[in-house]
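K.L.:
Read off the chains here:
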Amino acid sequence: MTAISLMTDFGIKDGNVGVMKGVIWSIAPHALISDLSHMIAPQNIREAALIFARSAPYFPENSVHVVVVDPGVGTDRRPMAAKLGNQLYVGPDNGIITLLLERAEQESWPLEFVHLDKPEFWLENVSHVFHGRDIFAPVAGHLARGVPLAELGTRFPDPVRLELPRPEQLPNGWRGEIIHIDHFGNLASNIRVENLSKALTKMESITVHLADTAIMGMVNTFGERQPGELVALLGSTGNLIVSVVNGSAAAWLDVKIGDTIEVEW
Amino acid sequence: MTAISLMTDFGIKDGNVGVMKGVIWSIAPHALISDLSHMIAPQNIREAALIFARSAPYFPENSVHVVVVDPGVGTDRRPMAAKLGNQLYVGPDNGIITLLLERAEQESWPLEFVHLDKPEFWLENVSHVFHGRDIFAPVAGHLARGVPLAELGTRFPDPVRLELPRPEQLPNGWRGEIIHIDHFGNLASNIRVENLSKALTKMESITVHLADTAIMGMVNTFGERQPGELVALLGSTGNLIVSVVNGSAAAWLDVKIGDTIEVEW
Amino acid sequence: MTAISLMTDFGIKDGNVGVMKGVIWSIAPHALISDLSHMIAPQNIREAALIFARSAPYFPENSVHVVVVDPGVGTDRRPMAAKLGNQLYVGPDNGIITLLLERAEQESWPLEFVHLDKPEFWLENVSHVFHGRDIFAPVAGHLARGVPLAELGTRFPDPVRLELPRPEQLPNGWRGEIIHIDHFGNLASNIRVENLSKALTKMESITVHLADTAIMGMVNTFGERQPGELVALLGSTGNLIVSVVNGSAAAWLDVKIGDTIEVEW
Numbered sequence: 001m002t003a004i005s006l007m008t009d010f011g012i013k014d015g016n017v018g019v020m021k022g023v024i025w026s027i028a029p030h031a032l033i034s035d036l037s038h039m040i041a042p043q044n045i046r047e048a049a050l051i052f053a054r055s056a057p058y059f060p061e062n063s064v065h066v067v068v069v070d071p072g073v074g075t076d077r078r079p080m081a082a083k084l085g086n087q088l089y090v091g092p093d094n095g096i097i098t099l100l101l102e103r104a105e106q107e108s109w110p111l112e113f114v115h116l117d118k119p120e121f122w123l124e125n126v127s128h129v130f131h132g133r134d135i136f137a138p139v140a141g142h143l144a145r146g147v148p149l150a151e152l153g154t155r156f157p158d159p160v161r162l163e164l165p166r167p168e169q170l171p172n173g174w175r176g177e178i179i180h181i182d183h184f185g186n187l188a189s190n191i192r193v194e195n196l197s198k199a200l201t202k203m204e205s206i207t208v209h210l211a212d213t214a215i216m217g218m219v220n221t222f223g224e225r226q227p228g229e230l231v232a233l234l235g236s237t238g239n240l241i242v243s244v245v246n247g248s249a250a251a252w253l254d255v256k257i258g259d260t261i262e263v264e265w
Numbered sequence: 001m002t003a004i005s006l007m008t009d010f011g012i013k014d015g016n017v018g019v020m021k022g023v024i025w026s027i028a029p030h031a032l033i034s035d036l037s038h039m040i041a042p043q044n045i046r047e048a049a050l051i052f053a054r055s056a057p058y059f060p061e062n063s064v065h066v067v068v069v070d071p072g073v074g075t076d077r078r079p080m081a082a083k084l085g086n087q088l089y090v091g092p093d094n095g096i097i098t099l100l101l102e103r104a105e106q107e108s109w110p111l112e113f114v115h116l117d118k119p120e121f122w123l124e125n126v127s128h129v130f131h132g133r134d135i136f137a138p139v140a141g142h143l144a145r146g147v148p149l150a151e152l153g154t155r156f157p158d159p160v161r162l163e164l165p166r167p168e169q170l171p172n173g174w175r176g177e178i179i180h181i182d183h184f185g186n187l188a189s190n191i192r193v194e195n196l197s198k199a200l201t202k203m204e205s206i207t208v209h210l211a212d213t214a215i216m217g218m219v220n221t222f223g224e225r226q227p228g229e230l231v232a233l234l235g236s237t238g239n240l241i242v243s244v245v246n247g248s249a250a251a252w253l254d255v256k257i258g259d260t261i262e263v264e265w
Numbered sequence: 001m002t003a004i005s006l007m008t009d010f011g012i013k014d015g016n017v018g019v020m021k022g023v024i025w026s027i028a029p030h031a032l033i034s035d036l037s038h039m040i041a042p043q044n045i046r047e048a049a050l051i052f053a054r055s056a057p058y059f060p061e062n063s064v065h066v067v068v069v070d071p072g073v074g075t076d077r078r079p080m081a082a083k084l085g086n087q088l089y090v091g092p093d094n095g096i097i098t099l100l101l102e103r104a105e106q107e108s109w110p111l112e113f114v115h116l117d118k119p120e121f122w123l124e125n126v127s128h129v130f131h132g133r134d135i136f137a138p139v140a141g142h143l144a145r146g147v148p149l150a151e152l153g154t155r156f157p158d159p160v161r162l163e164l165p166r167p168e169q170l171p172n173g174w175r176g177e178i179i180h181i182d183h184f185g186n187l188a189s190n191i192r193v194e195n196l197s198k199a200l201t202k203m204e205s206i207t208v209h210l211a212d213t214a215i216m217g218m219v220n221t222f223g224e225r226q227p228g229e230l231v232a233l234l235g236s237t238g239n240l241i242v243s244v245v246n247g248s249a250a251a252w253l254d255v256k257i258g259d260t261i262e263v264e265w
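Residue numbers (my numbering), protein chains in the order written: chain F, 1 to 265; chain B, 1 to 265; chain W, 1 to 265.
No lab work stands behind these hints, which were simulated from the structure alone.
There's no promise every hint is true.
Identical chains blur together in the list; that is why a pair holds if it fits in one copy or across any two.
Said to hold, decoys possible - In silico lysine to any residue, SDA-like type, Cα no more than 25 angstroms apart, as pairs:
#1 13 / 165
#2 202 / 38
#3 198 / 148
#4 13 / 147
#5 256 / 46
#6 202 / 150
#7 13 / 183
#8 13 / 43
#9 13 / 182
#10 202 / 157
#11 202 / 223
#12 13 / 247
#13 256 / 145
#14 198 / 167
#15 202 / 76
Given the structure is predicted, the values throughout are model-derived calculations rather than measurements.
Could you build the full structure based on these sequences and the hints that come with them?
P.N.:
Right, dumping it as structure tokens:
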């Protein structure tokens with residue numbers, strides 16, 4: 001029983017995600033399919049890369065993750081599939097895998113990249129505008145049925161990588177930026193637990209600067225402060241986040257993706 | 001393993017779609033269920049008909065499609081099930097099947113229509129307001145378990161059909177209308193690839209008129225133009241669409257469902 | 001084959017619900033998982049309690065319902081699992097089960113409450129902020145695999161209960177309040193079919209007062225009135241609701257959760 005996840009920027013009203021599931025089940029009738037998100041901002045590869053990297057590792061071994069955030073559909077960008085450790089990716093070669101690939105390299109996971117160039121694994125008629133249905137869903141179905149990755153196309157060594165903002169070390173801290181704002185209004189930065197490791201032994205002496213506001217001291221958990229208070233803590237994926245306890249930091253602070261955040265101690 | 005799809009105008013916040021899945025699994029514990037859309041505009045049968053017709057054919061043979069867009073719930077409109085080629089429909093007899101039925105007739109698919117008039121296949125207590133839960137979900141469960149369509153009710157010959165806007169031939173082109181605006185803001189018309197067939201050999205000589213704008217030439221794919229440019233092309237279901245490359249034509253042009261679009265060559 | 005439902009206030013854009021499914025399938029690879037709602041208003045336990053009570057009973061015996069509306073995450077609120085009749089609950093001990101528990105007590109269903117205090121059934125690393133992923137999803141997976149409830153933790157007798165607004169009897173009627181506004185704009189009250197039982201034999205003599213409007217007579221179904229008319233009727237869960245036929249009562253009347261509604265005869 002192979003699990004498949006789907007992430008797109010298709011939204012949820014037009015039926016296109018359901019069509020992809022129909023195509024997958026036509027090839028792999030027993031596949032269990034989970035939506036990951038279909039509300040990626042249109043063409044926002046960076047957001048897709050972030051959610052892919054933090055979600056895929058929680059799936060069972062050999063799960064297939066189909067990601068269709070594809071501003072280059074109908075150009076010569078490569079359709080690809082990849083093995084990243086014990087997870088499989090299917091989608092455009094446009095950098096969506098960047099963050100998980102970096103982790104895979106750090107942790108020496110097995111890697112394999114395949115250019116999907118064998119139309120016998122696609123739908124018979126391939127449109128110019130919906131490769132999610134015509135190429136990626138059928139390839140995911142074949143993977144779920146047990147077709148080896150290497151049979152689906154031609155190996156290649158150099159997938160496209162995004163240039164992503166990196167946090168910068170300061171004399172007594174780090175400067176990063178806001179990279180995600182979630183449904184609750186939590187503000188996630190690209191400063192990570194690894195950057196803070198020593199300072200975390202004295203959390204009360206850390207100050208977080210964001211949007212003209214200084215948050216004195218980090219906390220371990222929301223329960224250490226009262227509802228409505230602004231807090232800085234580590235989110236569930238190891239990134240420094242700024243939140244309002246049982247509220248929305250995004251509604252409180254005037255912050256957008258890309259804004260600077262600084263940590264000092 | 002039978003696949004079931006669900007389409008409703010219920011939205012996603014109130015739990016009603018989940019309840020239907022619970023009812024289905026109570027009867028057919030192994031059914032794989034896909035959402036198609038639950039964001040059909042309230043009571044908009046025409047939108048449901050469009051999405052049903054372009055989605056159902058991508059599902060495996062004998063999939064069951066439950067569609068609950070049902071302004072007539074609690075009136076004497078018939079609950080029905082239908083065989084349309086190798087796909088099954090369960091829902092109100094209010095025209096949702098119109099478009100797929102027309103295709104089925106053109107392509108001589110097998111057809112069967114059944115009035116759901118046997119309460120032994122429903123929940124024990126049937127409310128006046130939620131037939132999705134009380135009639136259609138249980139019937140879908142029984143179909144998925146293998147109960148033949150003909151046993152679920154009484155055959156009838158004449159399902160309700162919607163009056164749908166048809167494109168009109170002009171001396172050198174077609175006049176149609178906008179029938180769908182998708183999540184990306186692509187504007188889909190009822191002018192189809194079949195209407196354009198000869199003209200498509202000289203795409204550069206086609207002009208598309210919409211909302212006081214003239215688009216000179218059609219393209220095969222988004223990649224032929226720069227991001228931000230307005231283009232006319234064939235969408236993934238064979239309809240003429242107007243799009244902005246990596247943008248929203250709906251945000252650019254002041255267009256609504258029903259507006260006129262013309263193609264000339 | 002165990003069915004699992006998921007209800008959260010996580011929204012649908014960040015991938016967190018998909019991650020929970022990945023965790024469940026890593027433990028119970030065959031589990032069928034249904035979303036119930038992920039659009040519960042942030043931290044709104046009362047809304048979650050309402051939807052849980054009216055949804056869970058429609059699922060197959062021994063289904064597992066994971067509910068993560070958890071303003072107390074990272075405090076000492078108990079993580080719990082419960083047997084409520086033939087359904088299982090997994091989530092925080094914060095009152096979400098209140099309404100279904102009351103029904104269970106009235107109908108003498110079997111009951112069992114377990115404090116989830118055995119980390120061997122959780123993910124190895126438990127964050128302070130995402131117990132849905134780290135505790136509740138793995139526990140649901142173990143239940144779906146057949147681990148008995150009693151092995152997952154320590155039994156306790158007294159789950160937290162919400163104080164919920166109760167309807168109040170009047171000389172010739174009831175005074176209640178609006179407790180839910182659904183996707184269609186239907187206004188649901190806490191006055192129930194049991195309260196109205198005798199009066200329902202003369203529905204035309206019932207008057208419903210809401211927001212300075214008096215609705216004369218209740219109806220059985222939308223079909224008894226014309227589209228656009230305001231009606232009072234019993235909703236699919238036995239609550240008195242106020243609706244506009246094929247329209248939105250919420251858009252018509254200026255009503256919010258907690259507003260008073262009165263029925264008299």
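K.L.:
Looking back at the hints listed earlier, which ones does the structure fail to meet?
P.N.:
Violated: hints 2, 3, 4, 6, 10, 13.
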